[in-house]
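There are 2 protein chains.
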Amino acid sequence: MKTLALSKVYQLLEPGPVVLLTTARAGRANVMTMSWHMMVEFEPPLVACVVSNANHSFSALRATGECVIAIPARTLAPKVVKVGNASGRDIDKFAVFGMTAVPAERVAAPLVGECFANLECKVADAGIVRKYNLFVLEVLKAWIDPAQKNPKTIHHRGYGTFAVDGKMLKLKSKMR
Amino acid sequence: MKTLALSKVYQLLEPGPVVLLTTARAGRANVMTMSWHMMVEFEPPLVACVVSNANHSFSALRATGECVIAIPARTLAPKVVKVGNASGRDIDKFAVFGMTAVPAERVAAPLVGECFANLECKVADAGIVRKYNLFVLEVLKAWIDPAQKNPKTIHHRGYGTFAVDGKMLKLKSKMR
Numbered sequence: 001m002k003t004l005a006l007s008k009v010y011q012l013l014e015p016g017p018v019v020l021l022t023t024a025r026a027g028r029a030n031v032m033t034m035s036w037h038m039m040v041e042f043e044p045p046l047v048a049c050v051v052s053n054a055n056h057s058f059s060a061l062r063a064t065g066e067c068v069i070a071i072p073a074r075t076l077a078p079k080v081v082k083v084g085n086a087s088g089r090d091i092d093k094f095a096v097f098g099m100t101a102v103p104a105e106r107v108a109a110p111l112v113g114e115c116f117a118n119l120e121c122k123v124a125d126a127g128i129v130r131k132y133n134l135f136v137l138e139v140l141k142a143w144i145d146p147a148q149k150n151p152k153t154i155h156h157r158g159y160g161t162f163a164v165d166g167k168m169l170k171l172k173s174k175m176r
Numbered sequence: 001m002k003t004l005a006l007s008k009v010y011q012l013l014e015p016g017p018v019v020l021l022t023t024a025r026a027g028r029a030n031v032m033t034m035s036w037h038m039m040v041e042f043e044p045p046l047v048a049c050v051v052s053n054a055n056h057s058f059s060a061l062r063a064t065g066e067c068v069i070a071i072p073a074r075t076l077a078p079k080v081v082k083v084g085n086a087s088g089r090d091i092d093k094f095a096v097f098g099m100t101a102v103p104a105e106r107v108a109a110p111l112v113g114e115c116f117a118n119l120e121c122k123v124a125d126a127g128i129v130r131k132y133n134l135f136v137l138e139v140l141k142a143w144i145d146p147a148q149k150n151p152k153t154i155h156h157r158g159y160g161t162f163a164v165d166g167k168m169l170k171l172k173s174k175m176r
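Respectively, the protein sequence lines represent chains A and B.
Residues in the first sequence are numbered consecutively from 1, following my numbering.
Residues in the second sequence are numbered consecutively from 1, following my numbering.
Bound conformation, chain A alone (with noise of 0.2 Å):
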C-alpha cells in the first residue's frame, strides 16, 4: 500500500461510501460496517462518524480512542454484509470472513488488506460521543492501495441494497 496525501482524504469520504471501521483492544482486533460519517474539515481531515453504543466497536473506539477507516470496492460487497450482520462479541470478524489484518503505523487498530484505501484515525473529540454516539476522527495517516485501479465504492440505501458506482461525471467547476 501506498501512502495518500491527507489532503486528499476528503475525496475518499465525501461521496458516502459504506465503510468499514476496525478497532483493536487487548490484542484483539474488530472490524464493523458503517455509514453514517461525514468530513468534518479538509486538512488536517477530520471525519464525523456515529457508532451506535450497541455496536461491539463502541467501547473499543471510546476506550483505545483508535480505529482505521477502511474502504472496500464492490467485489467485498459480500463480505462487508457479512461484517455487518456479525458481532465481535460473538466471532473473530477476520478470521471468519477471511479478512486480512494489516498492522498499521501509527495505530493499533489493523488496515483491512482487501480495501483499496485504509485510513488511520485517533479520536480528536469524543465531547459529543454520549448525546449522539457521534465521534470526530482526525486522519493521522491515508494508504491507497495502487493495484486496485477505478475502485467502484457501493452506497447502501438500506436493507442490503447497495448502489454501485457508475459513469463519472466531470464538469467545470471552482469547488475544491
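Some hints here could point you the wrong way.
Because identical chains cannot be distinguished in the list, a pair is counted as satisfied if it fits within a single copy or across any two copies.
Below, computed lysine to any residue pairings styled on SDA-like, alpha-carbon distance capped at 20 Å [to be verified]:
{"hint": "1", "residue 1": "LYS152", "residue 2": "LEU4"}
{"hint": "2", "residue 1": "LYS152", "residue 2": "LEU169"}
{"hint": "3", "residue 1": "LYS122", "residue 2": "VAL96"}
{"hint": "4", "residue 1": "LYS167", "residue 2": "ALA77"}
{"hint": "5", "residue 1": "LYS167", "residue 2": "ASN150"}
{"hint": "6", "residue 1": "LYS167", "residue 2": "PRO78"}
{"hint": "7", "residue 1": "LYS174", "residue 2": "ALA77"}
{"hint": "8", "residue 1": "LYS2", "residue 2": "GLN148"}
{"hint": "9", "residue 1": "LYS174", "residue 2": "SER7"}
{"hint": "10", "residue 1": "LYS152", "residue 2": "GLU114"}
{"hint": "11", "residue 1": "LYS172", "residue 2": "ASN85"}
{"hint": "12", "residue 1": "LYS8", "residue 2": "ALA77"}
{"hint": "13", "residue 1": "LYS82", "residue 2": "ARG176"}
{"hint": "14", "residue 1": "LYS152", "residue 2": "MET168"}
These aren't lab readings, by the way, just hints derived from the structure by calculation.
Given chain A, work out where chain B should sit, using these hints.
Relative to the frame of chain A, chain B by itself:
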C-alpha cells in the same frame, strides 16, 4: 410531491448524495450545494451537516434555524455545480439558474421543485456550530416526487468530478 414516511428518510441520505440546502431569511431564499452530511438517528430523523461559515447560507441557517435539504438527480448536475460556484450574496440563485422555489409546509425555506426529494428541517442542536460549523437537523417533513422514477444521485469526488449511481446490488442482510 408526495409525503415520504420519516422512517425512510435515512435511505435517501445514507448513500451520501450531493444535496442542495435552501434557507430563507427576510423573505429572500437562497440555495447552496452540500456534500458534508450524515445521518445521526433513524427516527425522528436527525441529520448532521457542516456548513462553512464562509457560506452565505451559514448565517441564515443559524438565524432562522430552518432549512430544506433537497436531493437532485443526475440530470440536475450542471445546475448543482453552478449553485455551488455562486454565492447568494451576489445573486438570486433560484432566478439565475432557473430553479423553482416551492413553498414548504413546516419551514420558511423553500423546496426545490426540480429535486426528487425534499426534506424540511429545523436545527435541533446548534451547540456544535461554534467548534465545527456542524449543525444537527431534525427532519420534520419529507417529500418525494413520484414522477421521477429511480433517480440516480451524484456523489462528489472533488473538483467537479462526480460518481453517478450505477447498478443496484441487493444482498441478503439483517441491517436496516
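Verification of the hints:
| no. | hint | in the structure |
| --- | --- | --- |
| 1 | LYS152 x LEU4 | within (18 Å within a copy, 30 Å between copies) |
| 2 | LYS152 x LEU169 | both (14 Å within a copy, 12 Å between copies) |
| 3 | LYS122 x VAL96 | neither (27 Å within a copy, 44 Å between copies) |
| 4 | LYS167 x ALA77 | both (19 Å within a copy, 13 Å between copies) |
| 5 | LYS167 x ASN150 | both (11 Å within a copy, 16 Å between copies) |
| 6 | LYS167 x PRO78 | between (22 Å within a copy, 15 Å between copies) |
| 7 | LYS174 x ALA77 | between (34 Å within a copy, 14 Å between copies) |
| 8 | LYS2 x GLN148 | within (11 Å within a copy, 42 Å between copies) |
| 9 | LYS174 x SER7 | within (17 Å within a copy, 36 Å between copies) |
| 10 | LYS152 x GLU114 | within (14 Å within a copy, 28 Å between copies) |
| 11 | LYS172 x ASN85 | between (41 Å within a copy, 10 Å between copies) |
| 12 | LYS8 x ALA77 | neither (24 Å within a copy, 22 Å between copies) |
| 13 | LYS82 x ARG176 | between (35 Å within a copy, 13 Å between copies) |
| 14 | LYS152 x MET168 | both (10 Å within a copy, 12 Å between copies) |
Hint compliance for this structure: hints 3 and 12 are not met, and every other hint is.
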